Amino acid sequence: MLDLVNLTKTYRDLTAVDSLSLHLEPGEIFGFIGPNGAGKTTTIKMIATLVRPTDGEARVNDISVVAHPEQVRAIIGYMPDYFGVYDDVRVWEYLDFFASAYRIPRADRPRLIADVLELTDLNVKRNAFVEELSRGMKQRLCLAKTLLHDPVLLLLDEPASGLDPRARIEMRELLRQLRRMGKTIFISSHILTELADFCTTIGIIEAGRLIASGSVEEIIKQTGLTRTLEIRATQGLELVETILRDNPLVHDVVLDSESDRCQVSFAGELDDVADLLKCLLDRGVRVVQAVESASDLEDIFLRVTRGQVA
Amino acid sequence: MSAALLFDNPVLDHEVRQRVRVLRRLGGVGLPMGLCLGLFAVAYIALIFFLAGHDANTARGEDNVCSFVVLLCLLVPGLAAGSIAGERRRGAWEPMLVTRLTPAELIVGKFAGVMVWPLLVILLAQPVLLMTTQVPDWPLTWRAGVPITLATCAGLAGVSMLCSARCRSHRAALTWSYGLTFALAFAPVLLTIPAESLHLFNADRAIAVTAPLCPLGMAIAMFDPATLAKGSLPFAWAGVAVYLVLAVVCLAVIIQHFEPWLGRDAQRSA
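Going down the list, the sequences are from chains A and B.
Just add 3 to wherever you are in the first sequence, counting from 1, and you've got the numbering used here.
Just add 459 to wherever you are in the second sequence, counting from 1, and you've got the numbering used here.
Only chain B is shown next, with the shape it has when bound in the complex:
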């Protein structure tokens, strides 16, 4: 059943094809891929130089790789919020409901469609990261960064899809998605700043505590050599597990409540 959801799912197939079509229509596969790569490289380099105080040596440090996660955290909620609410707004959802697609196929297909972009960006970003930071090999932390970033995106996509399924309008779905993303991804780290200034935590402990709770803390814990040395790696992996479970739970909740939220009992207007 679960294999069929991934390998014989018309919605997933359609979503992936649609994204490939978008790339193709921009003028061939090479051009959009190059554009994506170039844009991401520019954004990334600008961000790490900004975070490193315009110091090229610091910018090359691995501790800034977490900005990569931040960029994707801003992209995924927007895509996921539109996956259901956007379809309903333009009247494309209803025709799908009268086909023989199951709720699981619809939801998993839409989810996978959202995840195509982060997956593409992560894969494309690897050579860009290697080139821009001029490291001689592909470090372990970066390799580990791929599942961490994907897990983060999956968790946020799941939460945003939940918002998309619950909200009646696309705008409300976007608002809730970005609100919850902020609460999940950024707020825990921001909260450690006053905690630290009040001497409740030291910086390393704060990061270790927030690592399983939010992707930013997770990424810092993963990539900061100082916290890594203090053994915060397990916290980062716990964060991966939390986000994957969050994604699965969100999808399961939507599928479980498909009828009242998105199916026959969801129609409220005559």
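So that you can see chain A by itself, here it is in the shape it has in the complex:
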């Protein structure tokens, strides 16, 4: 679906993106993470045909973004982090303009506009003026515009930035729905916990270089990091500690007897976690809860990056 091979962008003496290589399969949700100025937006703009790469190649569905940008534009949907809307334009008129810009026949436009408005839950705002919409609604409208021509690849640059918690949740639900529809999504975001349970793969970029990519599992493995498990048992925390410390994949155990919980620093994969829990149950430990810490992606990000910019 998407192939980036040594993609590079330099501005005079500044290398914004440095030999970035990546491969995405159809239906994959790729979370692109990095500090401000790392090169995320430049990368997305190169794929969206808005910035010409200095070197390397980017191909969408095996079509080069440099050689055939018009063909690529027909199959991608790009949502920028900052976008402007026209004053004095109603929601449906805004969508109708972009539908015509994507060469959608006039007869098909009303149905398509109704479909994307329903998908983005903006049906009730069909006749509202765009300038009257809240920030979250404008973001959803921009996403609706991005979906009009049924793109196979969605490039979303910080779609949740500047949104309040409710709007973020709504945006996340919308993206989940798009995932269920089989869209391939390339998304950059700062909200790591949201990406962690949503993306199939992630990439971490710093100073223009992709320093890690793959599933969260793979990155944990690549970087030699441990995952944090929180286990709660109704009794016998000492026994739990003994069993855990016997396991070679357990690096550290911290007990909290007041809440009957222990935090385990664990270097294994998901199958190993399952084996560990089975072992506890087999030894008669009454496990009430076993949760992997949701902040794993944040931990990975903080440990892998150094806060450098391109």
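Keep in mind the hints are simulated off the structure, nothing from the lab.
Computed from a predicted model, the values in this text were never measured in an experiment.
Hints should not be assumed to be uniformly reliable.
[As the list claims (entries may be wrong)] Cβ-Cβ distance ranges computed for the label pairs, FRET-style:
| id | chain 1 | residue 1 | chain 2 | residue 2 | range |
| --- | --- | --- | --- | --- | --- |
| 1 | B | ALA642 | A | LEU305 | 53 to 59 angstroms |
| 2 | B | GLN715 | A | ASP16 | 26 to 32 angstroms |
| 3 | A | ALA117 | B | ALA700 | 45 to 51 angstroms |
| 4 | A | GLU121 | B | ARG549 | 24 to 30 angstroms |
| 5 | A | ALA110 | B | VAL605 | 35 to 41 angstroms |
| 6 | A | ARG183 | B | GLY550 | 27 to 33 angstroms |
| 7 | B | ARG549 | A | LEU273 | 30 to 36 angstroms |
| 8 | A | MET184 | B | THR634 | 30 to 36 angstroms |
| 9 | A | ASP16 | B | VAL605 | 50 to 56 angstroms |
| 10 | B | ALA700 | A | SER67 | 41 to 47 angstroms |
| 11 | B | VAL479 | A | GLU135 | 18 to 24 angstroms |
| 12 | B | GLN715 | A | GLU221 | 46 to 52 angstroms |
| 13 | B | GLY550 | A | LEU17 | 19 to 25 angstroms |
| 14 | B | GLY550 | A | GLN225 | 32 to 38 angstroms |
Glycine is no exception: its CB is placed at the ideal position from the N, C-alpha and C atoms.
Given chain A, work out where chain B should sit, using these hints.
Frame of chain A, contents of chain B only:
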């Protein structure tokens, strides 16, 4: 291809609709049109009375019609300068670049959007001019004034759009647009004043020389009965041709340089 640019151009369609929406939102079509007409009439009458030294008889003379061109010369560069630079400033340009619109559609659509206002003002102004100057019919010079004024506006809009495409900021685009408008539209006539005082030209010759070079000279040549009688009409038509060619050349240059100025190579920030 060229017909499609005008009759099947989403940008042009959008620009025209947007202007109609602006008028509608002001409270129905009748009210804004009446307002435009009234405001223009007041501005026009004030200007010709000022130019005629508060003499109503002189004010009714056709030689003052050129002030009409001057008013539009001040309106068009502001609109054209914002057509691209303004869109980029508010982030509305980039989403259009990733659609399937061609550079020609974008540029011609924006240009036509700018030209909607002068066209509307010119058409609305005709009855106002007839009423305020109390002439019994619609004189030939006024009828000819419509294409002359439109050509002038088109030329200035083309130049201002060129500035808009080249400049990174809206403010710079406005500065360059009005600077070049002054240089193109007014400076040649102003330059004839010292030339005349130094006896390099007489007034009629000066006007005839500047007519093809600037809209003000063109308008004076067109509407001043004295210079008209001396056969300066061809100079005025040459001015129309110059301005139309200027507009076409400017648009062609923007379309030709679309990629480095407005497209993929225009992005300079990471």
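message: Could you work out which of the previously given hints the structure breaks and list their numbers from low to high?
response: Hints 7 and 8 are the ones this structure does not satisfy, whereas the remaining hints hold.
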